[in-house]
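When you get a sec, could you build the whole thing from the sequences and use the hints?
Chains as they are written, first to last, in our numbering: chain F, 104 to 248; chain H, 63 to 342; chain A, 1310 to 1429.
Wrong hints could be hidden among the right ones.
Chain A side only, calculated, beta carbon under 8 Å to chain H, not exhaustive [unchecked claim]:
no. : residue
1   : E1312
2   : T1313
3   : R1314
4   : T1317
5   : L1343
6   : F1346
Rather than coming from a laboratory, the hints here were simulated on the basis of the structure. From the three backbone atoms N, C-alpha and C, an ideal C-beta is built for every residue, glycine too.
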Amino acid sequence: MADPKKYDNRLGLKGWWGGGRWGFERYAYTLHRLTGLGLITYFVMHILVTSSRAFGADAWAEWMGNVAGPIFHVGEFLVVLSFIYHACNGIRLILVEFGFVVGKAEEPIYPYKTSLNKQRPLLIVMMILAALFVVAMGYDYWMLH
Amino acid sequence: MSKQDTGARDIRFIIRRFNPETDEAPHNKEYTVRVEPGMTVLEGLHQIKGEQDATLVWRFSCRMGVCGSCGMLVNGKPMLACNSQILHLTNSVLTIGPLPNFKILRDLVPDLMPMLKNHIAGKPHIVREDFDPALTPTDEYYQTPEELVRFLQFSYCIKCGCCMAACPTMALDLDYKGPMPLAQYHRYNADTRDGGFEERAKLAGGTGGVVRCHYAGECSNVCPKGVDPARAIQLMKRQLVAGYLGLAKQQEPCGTIGPDPNARHREGVPPPPPFTIDRK
Amino acid sequence: MRETRFWTWHLLAGIAILIFGGLHMIVMHLDGILGWFNPAGGSALDWANVVVRSQGFLFPVVYIILLGVTLFHGFYGLRNILLELGIGRCGRVTVNILLVGGGIVLFTIGAVAAIKAMGV
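Here you go:
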């Protein structure tokens, strides 16, 4: 007998976004991906632009002039924000994914506490740290330049 | 006033239907059900099937959160229909669909075979080099209660597929084995009786293995049994990385006690039934 | 197990970026408050400061290490995202070739520029 017809019910890209009723770590995951994509896009441009210093002061000034508009200025600050978030959340992820802050296996007793509860204090500390860096670098970026 | 104290009320069920013989794609169908406090989603479905629409299809068996058959997407979240009371979830509308990230066989029935194939590939049983536990089932193992706790949590998995439906990687990646099979790989890897780590590491450490988990944590959020697949996967990552970096402690599987040489057959006790499999 | 090896280095590269990239961000974006490695004062992007940082031994070496680990970390992360789109075997091979090729080209450009800038 031929296999019956089945309907593919994968969520696709929509499933990456989650949202609505999902947990906080899901948003941290999505934001980590978005900031990562932003940072790698910037990094490619950054390599090409800053390589101009090898050609002397004039080339450097010319390239710095090309990327001096208000869009680039705001964009660069977005890169700073992305880096801060990606780095702080990345510290948490490295510790989690090397199995350090997820806790040991334990007998599940309802209401269940999972590894998410174990690592959440670290998540909160990292987000506070990120907020402090945002304030310091934001002050430096917008007030002192 | 809390939701469960409001007494009986009419709830609108919006159910995703799909008949492979007549439908090209799933569609929604609405039913209204008089819901009493304490009534589960599964009971609501039974009431619809009994009184309104006998063609509605879903999978269920034990009705008490043990068999893992009735996993479905209820109000946007994967859960067991038998384990979830309707008035805890809503006062007006309940949307019910099949678990996402699986193919739909019919109505609320997902095709769990891809998940189970990956599960079986990881040898979900004790693997020993020195003997075959299936053929010598009477030997006891030296295992401490502390060693038992290392895998006990993961052994509560009922293969309902809720974790697979919640996982963002599963939403697109056709190669990813998913939280259920991977957590079960770790369940046996963490068992001191088992010696199959190397075999499972080839699956878990390859394409579609643990590296596709990025700790969004949804599998652990939705697991109806508190299995915490996300923890199992991170702990297995640690083992794999330690193995790669040469930092893993080499440990042989625990020994067996063997038959007690002082044991004597008590008179009056009938002999045990013969083995159902061949003993070599 | 190949994926485990790449993934382990992805995370270890992340730690290296935290150290070197963190230092880079402090030098570039806390220049007004701290002014580290900006002896001429003003902005970290002023040519006088750029020249000082380019000419020492420490900074070019750190730049090249940072360039390598960031390209590996970033492109491996990008590869993860692209492969998780379910693009099939042919797509996977294409992504691998493009990212390895692109990474080598960008590393060469950045490293040559860092070495050449030592003489400006």
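Looking back at the hints listed earlier, which ones does the structure fail to meet? 5 and 6
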